[in-house]
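Novice: Read off the chains here:
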Amino acid sequence: MENSFASCLLFCDDAGLHSLTRTQAAISPGSSLTIARQPGRVSIAGGFPAVTPDAPGPLSPALQLNSDLAGFSSEELHRIATAELARLDSTTFKSYTREPDNRVCVLGRNRITLTAFLETYGGILVIEPLLLHRSAPEYPCTEEIRIEKIPTGYRLRYLTRTPIDRDQCTYCGACGPVCPEDCLNPDLFLDLHRCTFCNRCVKVCPTGAIDLHRAGEIAQDVPALILLDDLQPDLPDDRTGIFTPERMNEYLATLIPIQVEETVSWNRSLCQHDPRPDQGCSLCLEACTRRALSTENGAIRIDHITCVECGACLATCPTGALQYARFNDRQFLDWFQTAPMPEGTTVVLGSAHALHTLWWKKSIHDDCRYLFVEHPNVRALNCMHLLLPLARGACRIVLLQDPDSENQENPLPQVDTANTILQELFGLSNRIFCSAPGKLGEATAQPASCPLPELYDEDCSRNRREKLGAILRHLIRQGQNGARLTSRLFADFGTVLCDEGRCTHCGACLNGCRIRALNADEATLALRILPIQCVQCGVCVAICPEEALSLHPGLHLDTSFLEERELTRAEPVACLSCGKPFGTRKSFERIMGLIREKDVQVNVSLLEYCDNCRVVKIFEEQQQ
Amino acid sequence: MNSRVENDITTIRLCFLDLLKSFFDREPDDHRLMTWKEVFAGLVAEQINPAMDGAARNLYTLLSSMSADEIREEFYELFTNPFSSYSVGVTLSFYRDGHDFGRSLAELRNLLNDAGITRTADTDQSEDSLLVLLDILACLIREEVNDPDFDRGHATRLRNSFLEPLTDHLNAAMQNNDRARFFLACVRFLAGYIDLEKGLRTAV
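Chains L and H, in that order, are what the protein sequence lines are.
If you read the first sequence in numbering that gives the first Met the number 0, its first letter stands for residue 0, the second for the next number, and so on.
If you read the second sequence in numbering that gives the first Met the number 0, its first letter stands for residue 0, the second for the next number, and so on.
Keep in mind that a hint or two might mislead.
[What the hints assert, rightly or not] Pairwise CB distance ranges, derived in the manner of DEER restraints:
{"no.": "1", "chain 1": "H", "residue 1": "ASP29", "chain 2": "L", "residue 2": "GLY122", "range": "27 to 37 angstroms"}
{"no.": "2", "chain 1": "L", "residue 1": "GLU118", "chain 2": "H", "residue 2": "ARG56", "range": "39 to 49 angstroms"}
{"no.": "3", "chain 1": "L", "residue 1": "ALA252", "chain 2": "H", "residue 2": "ASP113", "range": "18 to 28 angstroms"}
{"no.": "4", "chain 1": "L", "residue 1": "ASN198", "chain 2": "H", "residue 2": "ASP113", "range": "41 to 51 angstroms"}
{"no.": "5", "chain 1": "L", "residue 1": "GLY15", "chain 2": "H", "residue 2": "GLN124", "range": "54 to 64 angstroms"}
[Claimed, not checked] Which chain L residues stay away from chain H? Per the calculated CB distances, all over 12 angstroms, these:
{"no.": "6", "residue": "ASP88"}
{"no.": "7", "residue": "PRO99"}
{"no.": "8", "residue": "GLU143"}
{"no.": "9", "residue": "ARG154"}
{"no.": "10", "residue": "ILE163"}
{"no.": "11", "residue": "ASP237"}
{"no.": "12", "residue": "ASN248"}
{"no.": "13", "residue": "THR288"}
{"no.": "14", "residue": "ARG290"}
{"no.": "15", "residue": "ALA324"}
{"no.": "16", "residue": "ILE363"}
{"no.": "17", "residue": "PRO375"}
{"no.": "18", "residue": "GLN422"}
{"no.": "19", "residue": "GLN479"}
{"no.": "20", "residue": "VAL540"}
{"no.": "21", "residue": "VAL572"}
Don't read these hints as lab results, they were simulated from the structure.
These numbers were taken from a predicted model, which means no experiment stands behind them.
From the three backbone atoms N, C-alpha and C, an ideal C-beta is built for every residue, glycine too.
Just chain L, same shape as in the assembly:
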């Protein structure tokens, strides 16, 4: 067994206690991993799923690399194995196969081509035929059709003539013989293209079942449309699901079962996108080049089939409303809370494939201390993720490029954001960078040390921005503060300014700020802002009826930016009866002024009471 693979194993005994051991394992690349001696159930083992897909338990490339290349002690490896186990155990997302939807609406103007299409594709497709500008007894017919795009395909709306009410018809046969054009057939089909609307059939019908102008609107949703006979109705801009007979092969190629993994999730309560048009944060929508994200009824809709997990939306989301289910923020924080972080460690984040390549090439620098972390897509990491390990004692962060990834050359703005912060605070340059797995040793050859005298060790967060705020507070306390960063990289940082003369303290702005950058103190009637929480979405500015608010973008690396401060304060108006404050002096006076201006006949004395006391007062006055 001298040359066999050495795996680091976390065992779980009958009492549920975990123990870590490093043991030789017989390995058959492409199939199995066999562990000779098993003191208990294997909870997690170091290894590579690509090499041994049939391993008996979960495999962790990070554990394997930290065991083989990082020089951690057994106790430290135990902590890494525990962190990996917790990550794998808590990773859940929906995964299912979406069967192809072979319903299709076929529009044609020639009944012969429509019939031929049905004969060819009947049984293969579920066909809804529709004849345009013609009449035929066997097909629904219409003169006009409206087609609109919906998320599931297309919605068709059309009028279809129903001149004979079959519920009222007694099939007496009076109508057929009187028609001079022979429009009516025994199947009760009335050919309106031949009809001269002489109304003889209407007059002769004893039950009033015939109305030549009767029509009903049909609405029909279908995933795809096929246009026969060179039809060119008004079509929506998105024509991805509209085909012609020449493109049938293209259409049929779409009818395949698709494995869907919902690895990106959205949390409305954290999202600063606003359902009103063109308002609020839309960073994720702008970042998605594949149009996998869209808005629907005020919500961000994720098309998991179109999504390729490029990570752009996840990295740009400032609040963490969008989460990566393969390694979400909570898991990330927990991982670094559990794993050891000796001061001056180089943290290497990469996919299983990248870590595997690195392990294979063993491209490390002997004098460098590493911590390897498996992250399914490092491009999904946000500025918060990148600064956290540095605040906890890492000297630099390396993001491993996936060897086979197509988009590895694309720039990562979040890396520039984090590096700029470090440059301004500590004068450090490029402490976060990308590297190919085979060039890690070269990239980390220069010695580096942790710039922080004190390390960050808090574990509290409500959302991503709050966590970033806590990390920045820690960094700013120890760095050269005062810089104001206003480049495009920091467009989602800033504060809100308030024109005190305009603000009436109505509180409307608070409704739009789900991330709670804005809040109000009810006792003092003060409007407050926590600048670090503000993502410059502009919802509050759009909501404010008095146009009192404005945005002031940029990240100020100063503790004042991290503290809540008052934007404006109002003088409260107390109820004449109970003495409780029920509004602001300014809004009260404005209303009184308006009433005086308009000369409205109301009992203004009642306005000096709170809601409850006003009702009592009105009742008392009525009694008198």
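Starting from the structure of chain L, add chain H where the hints point.
Specialist: Relative to chain L, chain H alone:
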């Protein structure tokens, strides 16, 4: 080739097609098994083409060595029992498109439309199933005899684009199927017949 010879060849081709259809249309009864045995006893004495000759010898051996119940059981497991793990698809769509009623069926229907062949309602099998493909080929051969101007390209297209690929797929599927013995030999006999048809077309 004079018309009498051509008529004889047509009769033989149709007889072969009937024989091939008889393999796959239903579970064989004793009478059918006896007929097959008689037919193959005669065929093993002939030399037609190497593929057919080998398959005929194999079939004759299997008909002699396997019991009627074994052949029936094999038919049931391969073609009837939908829950059998040995079940074999018999449509071209199943293999080419990954499911029955796929685009291959649409392509075949276009061919039928071009050839003016209309499906009758007395079969519940789809047009691209093996049995119906053999039936269509027989129908095209009859049309060629009845109408000298009938486009012979239809039969060639059917054979090359549909029947032969399906036979190859069936052969591959049955080779890896532990239960397929007798019907694997039938499929190989069919492959030999398709070779024969190709040679016949070349000669004509």
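Novice: Now, for every hint given, state plainly whether the structure supports it.
Specialist: Going down the list of hints, with the structure as the test:
Taking the beta carbon of each, H:ASP29 and L:GLY122 are about 36 angstroms apart, inside 27 to 37 angstroms as hinted. Take L:GLU118 and H:ARG56: their Cβ atoms lie about 43 angstroms apart, and the range 39 to 49 angstroms holds. Judged by the Cβ atoms, the range 18 to 28 angstroms given for L:ALA252 and H:ASP113 holds: they are separated by roughly 23 angstroms. Checked against the hint of 41 to 51 angstroms, the pair L:ASN198 and H:ASP113 passes, with Cβ atoms roughly 47 angstroms apart.
Remark: the range hint 54 to 64 angstroms for L:GLY15 to H:GLN124 is upheld by a beta-carbon distance near 59 angstroms. L:ASP88, annotated as away from the interface, keeps every beta carbon of chain H farther than 12 angstroms; the closest lies near 34 angstroms. With a minimum CB-CB distance of about 9 angstroms to chain H, L:PRO99 fails to clear the 12 angstroms threshold, and the non-interface call is violated. Under the 12 angstroms C-beta cut-off, the non-interface status given to L:GLU143 relative to chain H holds; the minimum distance is some 30 angstroms.
With a cut of 12 angstroms on Cβ distances, L:ARG154 stays outside the contact zone with chain H, its closest approach being about 27 angstroms. Once the 12 angstroms rule is applied to beta carbons, L:ILE163 is consistent with being away from chain H; the minimum gap is 30 angstroms. Distance check for L:ASP237 against chain H: the nearest CB is about 24 angstroms away, which clears 12 angstroms, and the non-interface claim stands. L:ASN248, annotated as away from the interface, has a beta carbon of chain H within 12 angstroms; the closest lies near 7 angstroms.
At roughly 31 angstroms from the closest C-beta of chain H, the C-beta of L:THR288 stays outside 12 angstroms, upholding its exclusion from the interface. Interface exclusion of L:ARG290 from chain H stands, the closest Cβ pair being 28 angstroms apart, more than 12 angstroms. At roughly 29 angstroms from the closest C-beta of chain H, the C-beta of L:ALA324 stays outside 12 angstroms, upholding its exclusion from the interface. The non-interface label for L:ILE363 is consistent with chain H: the shortest C-beta to C-beta separation is roughly 46 angstroms, beyond 12 angstroms.
At the 12 angstroms boundary, the C-beta of L:PRO375 stays outside the reach of chain H, the nearest C-beta of that chain being 29 angstroms off. For L:GLN422, the non-interface assignment is confirmed: its Cβ lies about 55 angstroms from the closest Cβ of chain H, beyond the 12 angstroms cut-off. Every Cβ of chain H is farther than 12 angstroms from the Cβ of L:GLN479; the closest lies at roughly 63 angstroms, confirming the non-interface assignment. Non-interface status of L:VAL540 relative to chain H is upheld: no Cβ of that chain comes within 12 angstroms, the nearest being about 54 angstroms off.
No Cβ of chain H comes within 12 angstroms of the Cβ of L:VAL572; the nearest lies about 73 angstroms off, and the non-interface call holds.
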